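Each protein sequence line maps, in turn, to chains A and B. The opening residue of the first sequence carries number 4 in the numbering used here; numbering runs sequentially from there. The opening residue of the second sequence carries number 648 in the numbering used here; numbering runs sequentially from there.
None of these hints come from the bench; they were simulated from the model. Nothing here was measured: the structure is a model prediction, and the numbers come from that model. Check the hints yourself; a few may be wrong.
Computed cross-link-like contacts, DSSO-like style, restricted to lysine-lysine with a CA-CA straight-line distance of at most 30 angstroms [to be verified]:
1) B/Lys742 to A/Lys273
2) B/Lys742 to A/Lys211
3) A/Lys273 to B/Lys840
4) B/Lys840 to A/Lys211
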Amino acid sequence: MNLVLAALALWGLAWALNVRLANGPASGWGLTRLAVPVIFGLTLLIMWELIVRGLAVPGVILPPPSMILARIGQEGPILWADFVQTFVKGALTGYVIGCAAACVAAIAVDRSDFLRRGLLPVGSFVAALPIVGTAPILVMWYGFDWHSKAAVVVVMVFFPMLVNIVAGLSETTQMQRDQMQTWAASYWQGLWKLRLPAAMPFIFNGLKISSTLALIGAIVAEFFGSPIVGMGFRISTSVGQLALDMVWAEIVVAAVAGSAFYGLVALIEKWVTFWHPSQRR
Amino acid sequence: MRRVLLPVLSVVAVIVALWYLACVPMNMHTALTEAERAGAVVSPTGAKARRDLSAIGLALRNPAQWADTLTQAKPRLPAPHQVLVELWDTTVNKKITSKRSLVFHGWVTLSATLLGFAIGTLAGIVLAIGIVHSRAMDMSVMPWAIASQTIPILAIAPMIIVVLNSLGVQGLIPKAIISAYLSFFPVVVGMVKGLRSPAGMQLDLLSTYHASRAQVFWLLRLPASVPYLFASLKVGIAASLIGAIVGELPTGAVRGLGARLLSGSYYGQTIQIWSALFATAILAAVLVALIAGVERLTLKRMGMNG
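All chains, full assembly: derive it from the sequences and hints.
Written as structure tokens, this is what we have:
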């Protein structure tokens with residue numbers, strides 16, 4: 004019980020500290036902006052630990068963070084193998100293939116106004132559908148290994164990317180396109196020098212959405228069948244064994260991988276679209 | 648309208664045509680085996696001789712069996728009309744209480760989706776209001792809300808189901824929790840953006856009227872946030888549906904559209920998988936369209952041309 008009280012006291016203290024920091028004179032500083040969410044997150048973690056220990060919650064319901072961390076330390080090789088199988092082989096391959104295919108399709112669509120008017124509504128309709136549902140079919144077609152996961156990712160990523168690229172390619176004004184024409188630019192020159200750069204904010208928006216979708220697709224597809232390695236496989240079997248610390252360990256890895264992937268894409272975006280108002284400070 | 652209708656219809660027609668075309672090579676191997684068993688003459692005799700040949704080559708050498716590829720019971724790729732017939736059979740021709748009825752399974756999934764969506768949306772709006780009014784909350788919670796969108800939170804679905812199951816909570820609630828969780832963050836992020844959307848001049852105007860914080864909220868911030876709310880509702884409902892479907896996977900195939908997908912994949916009932924997939928697609932489209940309709944009506948009544 005003391006531990007629970009300690010957790011509540013900690014919460015009060017940390018919250019008071021955050022209120023002071025946020026409303027104090029230092030609230031504009033970069034360091035404070037970083038410190039406040041970090042304090043909040045750490046407080047939650049410590050409270051989790053204290054309350055789970057204080058109330059003696061069994062590990063099969065909610066393991067404390069220290070146990071999860073210990074598991075991550077112990078099971079490094081297994082977690083790494085799962086990460087390679089699901090993220091590098093499944094998600095990343097599918098992501099690259101899907102985005103490349105969407106690029107090619109978008110340029111093909113872009114050449115014809117009829118296709119654009121026809122494919123764009125269909126594309127945005129499909130992009131809103133629960134495409135993870137295709138996972139059982141694709142697992143049946145491509146087998147249990149990472150190929151089927153990559154295929155699910157390709158399908159999931161393709162339509163959001165297509166819609167974003169096509170929308171981005173129509174971002175230039177008529178006047179800019181006319182200007183290219185007066186310089187006798189060919190279609191490809193106009194695309195390469197004017198319209199593709201102008202489409203970059205949209206393309207990166209699609210890439211960022213897809214980066215999240217890719218990992219979700221690869222993990223959920225493993226629930227429908229996988230070899231005995233992979234993050235989704237490990238999650239579903241560990242849940243079956245009530246080894247919840249292992250499940251949480253996988254979730255931590257997935258979270259870190261997901262945010263790192265997203266962060267990397269955002270970083271490249273910053274570097275490529277430095278001219279865009281949203282990137283200027 | 649007509650400017651869009653013709654291209655869309657022709658794109659859909661091309662997709663259906665390609666689908667039919669793909670059925671032939673996809674199902675050719677089994678079609679040839681069955682035809683041979685029935686006594687027909689097929690070009691390389693013996694399943695063993697055909698095993699390593701390409702499906703397209705086989706299809707070209709045996710045009711007589713093309714029709715067979717479209718009528719199999721367990722095809723690798725069912726033809727569009729087979730899926731439509733199955734959809735019709737399992738929705739209209741079955742009693743809705745039957746376990747084979749897609750309406751029954753659809754309702755199981757839909758109820759979890761809607762409950763979770765309602766919880767997630769309400770919680771999201773409440774948190775967003777808190778974030779807009781408290782600077783400390785904004786700085787502590789908002790970075791985490793944004794970061795949480797980059798991580799595959801769907802991965803925790805099986806754990807939630809099993810843990811709640813061991814606590815004695817079953818059925819609707821665990822799935823609804825996953826749905827709520829998935830629709831929660833888009834709503835928070837969208838609503839915070841929306842509640843902050845009034846320009847400084849508008850806020851200044853209200854403060855010259857000596858409006859209280861509550862009045863600013865009800866008269867300015869809340870109405871201004873409505874377009875943003877609807878945008879995130881559309882994302883949220885689609886996420887909720889996915890959450891409910893994935894939530895049905897780990898309990899084994901019992902009931903719900905996710906269970907139909909899973910049991911179909913266990914028993915190789917491809918037509919069942921495809922019909923369940925189309926049912927989810929139709930459900931998602933209807934839900935998003937409903938919200939879009941409410942959005943249009945609301946924005947019209949409010950005098951915004953959304």
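Given the proposed pairing of lysine 742 of chain B with lysine 211 of chain A, does the C-alpha separation stay at or below 30 angstroms? violated, 44 angstroms
Does the alpha-carbon distance linking lysine 840 of chain B and lysine 211 of chain A stay inside the 30 angstroms limit? holds, 19 angstroms
So if I understand the rule, the pair passes when the alpha-carbon distance is 30 angstroms or less; does lysine 273 of chain A with lysine 840 of chain B pass? holds, 22 angstroms
Below or equal to 30 angstroms on CA atoms is what counts here, so check lysine 742 of chain B against lysine 273 of chain A. violated, 56 angstroms
Comparing the model with each earlier hint shows violations of hints 1 and 2; every other hint is respected.
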